[in-house]
Amino acid sequence: MRSLAGLGALVAAASFFLYLLSTHLPPGTKHLQPASDGEDETVEEYSLKFPSDLDSLRELAEMLKLYKREHHSYVLLLFCSAYLYKQSFAIPGSSFLNMLAGAIFGPWEGLVLACLLTTVGSTFCFLLSSTFGKQHVVYFFPDKVALLQRKVEENRSSLFFFLLFLRFFPMTPNWFLNITCPVLNIPMPIFFFSVLIGLIPYNFICVRTGSILSEISSLDDIFSWATLAQLLAIALMALLPGALIKKYGKAHLSVDGMDSDSQDQIRKDQKKR
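Per the numbering used here, the very first residue in the sequence shown carries number 47; after that it's consecutive.
All clues stand as given, with none of them false.
Ranges of calculated distance between the beta carbons of each label pair, as one might list FRET restraints:
# : residue 1 : residue 2 : range
1 : Ser49     : Glu105    : 35 to 43 Å
2 : Ile236    : Val57     : 23 to 31 Å
3 : Val158    : Ile137    : 18 to 26 Å
4 : His118    : Ser176    : 31 to 39 Å
5 : His70     : Glu200    : 46 to 54 Å
6 : Glu200    : Ala51     : 33 to 41 Å
Don't read these hints as lab results, they were simulated from the structure.
Just so you know, even glycine gets a beta-carbon here, dropped at the ideal spot from N, CA and C.
Please model the entire structure based on the sequences and the hints provided.
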């Protein structure tokens, strides 16, 4: 119970800090809204809201890009804090934040940010699990932990490439790997670099897609030759390292029994409790 109380206190503190960042923005330059017929131009303040579709995603990205011109450091702090919050507390789904990184910071700065934040956040999650939650991970997911433990022992001589394989081909969700690796006695350096390298293709696809989406204004733009060429290049660059790792995995790693159905086992373990 003490471990859960400590973890709860950390979550509450981090949530409060993120709330303060998002609700106490420094004053930014007001921007003019186009006037309707017979009406004056109106001044609109910046406001934050969670996007629910492509249009709202572009609207949020444009707003933050404008705000970034005067408060680059604050936007960077806000984005990094939100990303680390999600990763540290094993909240699934990083594609939106990766796309937002590409839309706000551009494809290359966004990619560097996404890779660094994914790695640092996952490492925080590793440390939190090691400190507060190892026994709870085993309690709630006994079968899945046992399967991973067996596979880790079978691939102990090629442990780094085994973890890299799991990042390239997520037979097990990334958030679950982050909280389970301390239970499996994975060394911190191996964990760190397997995340940093293994999630580059996924981060690249999301960030580059976000950068493209922030630049298009209609469906016609999506099907332009320039956009299609960029999407094709993204696919090729993302698939090449995955193909090489998969070829190596088949020859040197033992991954039998680890497929997409293993995610169903996680849900079964949850239902047992």
